[in-house]
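Participant: Chains C and X, in that order, are what the protein sequence lines are.
Using the working numbering, you'd call the opening residue of the first sequence number 1 and step up by one each time.
Using the working numbering, you'd call the opening residue of the second sequence number 1 and step up by one each time.
The set of hints was computed from the structure by calculation and includes no laboratory data.
Treat each hint with caution, since some may be false.
[Said to hold, decoys possible] Chain C stretches covered by chain X per the calculated footprint, using a threshold of three residues with CB under 8 Å from any CB of chain X: (1) 18-30; (2) 34-42; (3) 48-60.
The beta carbon of each residue, even a glycine, is placed where N, CA and C say it ideally should be.
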Amino acid sequence: MMALILFRTFLTCPDACVFQMVQDPTQFDVLVMPNLYGDILSDLCAGLIGGLGVTPSGNIGANGVAIFESVHGTAPDIAGMDLANPTALLLSAVMMLRHMGLHDHADKIQTACFDTIRDKKVLTKDLGGSAKCSEFTAEICRRVQDLG
Amino acid sequence: MAAHSAVLSASKIMNPFWVGRLGNTAKVFGTTLIRHRNKTSLTGENIPPPAKYGGRHTVTLIPGDGIGPELLNHVREVFRFTCVPVDFEMVNVNSALETDDDMNNAITAIRRNGVALKGNIETKHTLPASVKSRNNVLRTSLDLYANVMHCQSLPGVQTRHKNIDIMIIRENTEGEYSSLEHESVSGVVESLKIITRNNSIRIADYAFKLARERGRRRVTAVHKANIMKLGDGLFLQCCREVASGYPDITLDSMIVDNTTMQLVSKPQQFDVMVMPNLYGNVVSNVCAGLVGGPGLVPGANYGRDYAVFETATRNTGKSIAEKNIANPTAMLLASCLMLDHLNLNDYASLIRNAVLTTMNETRLHTADLGGQGTTSEVVQSVMRVIQSKGQFTAEL
Numbered sequence: 001m002m003a004l005i006l007f008r009t010f011l012t013c014p015d016a017c018v019f020q021m022v023q024d025p026t027q028f029d030v031l032v033m034p035n036l037y038g039d040i041l042s043d044l045c046a047g048l049i050g051g052l053g054v055t056p057s058g059n060i061g062a063n064g065v066a067i068f069e070s071v072h073g074t075a076p077d078i079a080g081m082d083l084a085n086p087t088a089l090l091l092s093a094v095m096m097l098r099h100m101g102l103h104d105h106a107d108k109i110q111t112a113c114f115d116t117i118r119d120k121k122v123l124t125k126d127l128g129g130s131a132k133c134s135e136f137t138a139e140i141c142r143r144v145q146d147l148g
Numbered sequence: 001m002a003a004h005s006a007v008l009s010a011s012k013i014m015n016p017f018w019v020g021r022l023g024n025t026a027k028v029f030g031t032t033l034i035r036h037r038n039k040t041s042l043t044g045e046n047i048p049p050p051a052k053y054g055g056r057h058t059v060t061l062i063p064g065d066g067i068g069p070e071l072l073n074h075v076r077e078v079f080r081f082t083c084v085p086v087d088f089e090m091v092n093v094n095s096a097l098e099t100d101d102d103m104n105n106a107i108t109a110i111r112r113n114g115v116a117l118k119g120n121i122e123t124k125h126t127l128p129a130s131v132k133s134r135n136n137v138l139r140t141s142l143d144l145y146a147n148v149m150h151c152q153s154l155p156g157v158q159t160r161h162k163n164i165d166i167m168i169i170r171e172n173t174e175g176e177y178s179s180l181e182h183e184s185v186s187g188v189v190e191s192l193k194i195i196t197r198n199n200s201i202r203i204a205d206y207a208f209k210l211a212r213e214r215g216r217r218r219v220t221a222v223h224k225a226n227i228m229k230l231g232d233g234l235f236l237q238c239c240r241e242v243a244s245g246y247p248d249i250t251l252d253s254m255i256v257d258n259t260t261m262q263l264v265s266k267p268q269q270f271d272v273m274v275m276p277n278l279y280g281n282v283v284s285n286v287c288a289g290l291v292g293g294p295g296l297v298p299g300a301n302y303g304r305d306y307a308v309f310e311t312a313t314r315n316t317g318k319s320i321a322e323k324n325i326a327n328p329t330a331m332l333l334a335s336c337l338m339l340d341h342l343n344l345n346d347y348a349s350l351i352r353n354a355v356l357t358t359m360n361e362t363r364l365h366t367a368d369l370g371g372q373g374t375t376s377e378v379v380q381s382v383m384r385v386i387q388s389k390g391q392f393t394a395e396l
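Excised from the complex, chain C in its bound form (with noise of 0.2 Å):
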């Protein structure tokens, strides 16, 4: 089934993009963009939804080899602690089921995290709550365990 995708080339140059990037990000959609524009406008965006903390990404190369990571930094000083946000390792984890195809999974999923923040009830340090990771995580998967 095909569907049908909307394209309307939208030449910008990358000085117009990126105020209207600030003043009204949801005019865009998908951007597509030779590499030191690409490296600038990512963490742009990653700025406005939050930061590197919760910005999965993917690596895509031919015949469908792909590495997805997450792009924020070692964090050294909480490293083992039990302390460290995962979601933008578990989004990127969600967009490499995507990639294989497994969609249901994928989307469970990202409902589970997205509501587990949208409910502000367990949240880790850097979101401004007090949760550990594994608790953080347990919620995830009880919410999971919920949507069947």
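Position chain X relative to chain C; hints supplied.
Facilitator: Just chain X now, kept in the frame of chain C:
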């Protein structure tokens, strides 16, 4: 005779490169000018340009494309109303023409007058690579090496972030805008990004001098030296060298992608920023978006001998041209920067305060700020505020 001896003394002090070029001009304009030109062009010491007759300055006006012509007409209207002693010499640069005559005329006019106010000249993507952007040609021919933009939050404008006060100094002549591209193999294009030690030192020095004059504490160099180790590495090294001569000002550095992320989440952390050409383009547009959009921020391009003023984000605004909805604030504030440069500070303050009063107190906003006002209504409001200050004005 006095002029002649002054020229000789000027020749001894000044860089030999400039002597031959200034000789004739110097004799025409007299000794005062020469004494002024002897001073190194520090940022704050405004050297009034030479075209002053009978107490009136002549400024080159380049309307450009899109909203440029209508906004510059409004500037002329406000100047005429306020009886500002500035005459405009209009030079049209038509982006459609293939010849360079109109560009050469514009450059000659700016060389003659020393100062210009311009709208953006459109650069069509479809033209061949050999045709350079006319705005770029203007900047490089006149060696306007520093593009300065001051982004400040305005109380009357609703924005996500408040209390932003950032000065952005962008290298204006080289970097990714060197227009050096080639396609040795079909389908493989190589572009040259040029970073030179001279220009990097020059722009860093400008940034630190400006920071010191304005009482700023910190300069942030924006770069991508982890990837472009030689190019941006050289730029960063030059910034560090210059910084060692300014112990009262701190230099820190930030990679450009992190910079844009920090700008949209915590813009208040930035003070003065200095960077090469392309990053300057991106960062200045981000900052313009943060304070309310391209219609609000004026920009200035400074060289050793010339200054050109325009809107900071250099948009032609083709889609809103001639609809009377463009925001005149940026162009009016740019004209105030120009008046400051000409040492007509009283007029500059008068018009600037009137514009800011209309923006912040009367809150008459154009469509880009979510308001209903037209360009002419905003301009009329500005003129009414000027009149209310009791200044001698023309008829409204």
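Participant: At a Cβ distance under 8 Å, does chain X reach at least three residues of the region 48-60 of chain C?
Facilitator: holds (count 3)
Participant: Checking C-beta pairs, does the region 18-30 of chain C have three or more residues closer than 8 Å to chain X?
Facilitator: Since three or more residues must qualify, the claim that chain X covers the region 18-30 of chain C holds, with 6 doing so at under 8 Å.
Participant: Check, residue by residue, whether the region 34-42 of chain C contains three or more positions whose beta-carbon lies closer than 8 Å to a beta-carbon of chain X, and give the verdict.
Facilitator: Holds: 5 residues of the region 34-42 of chain C have a Cβ under 8 Å from chain X.
Comparing the model with each numbered hint stated earlier shows that all of them hold.
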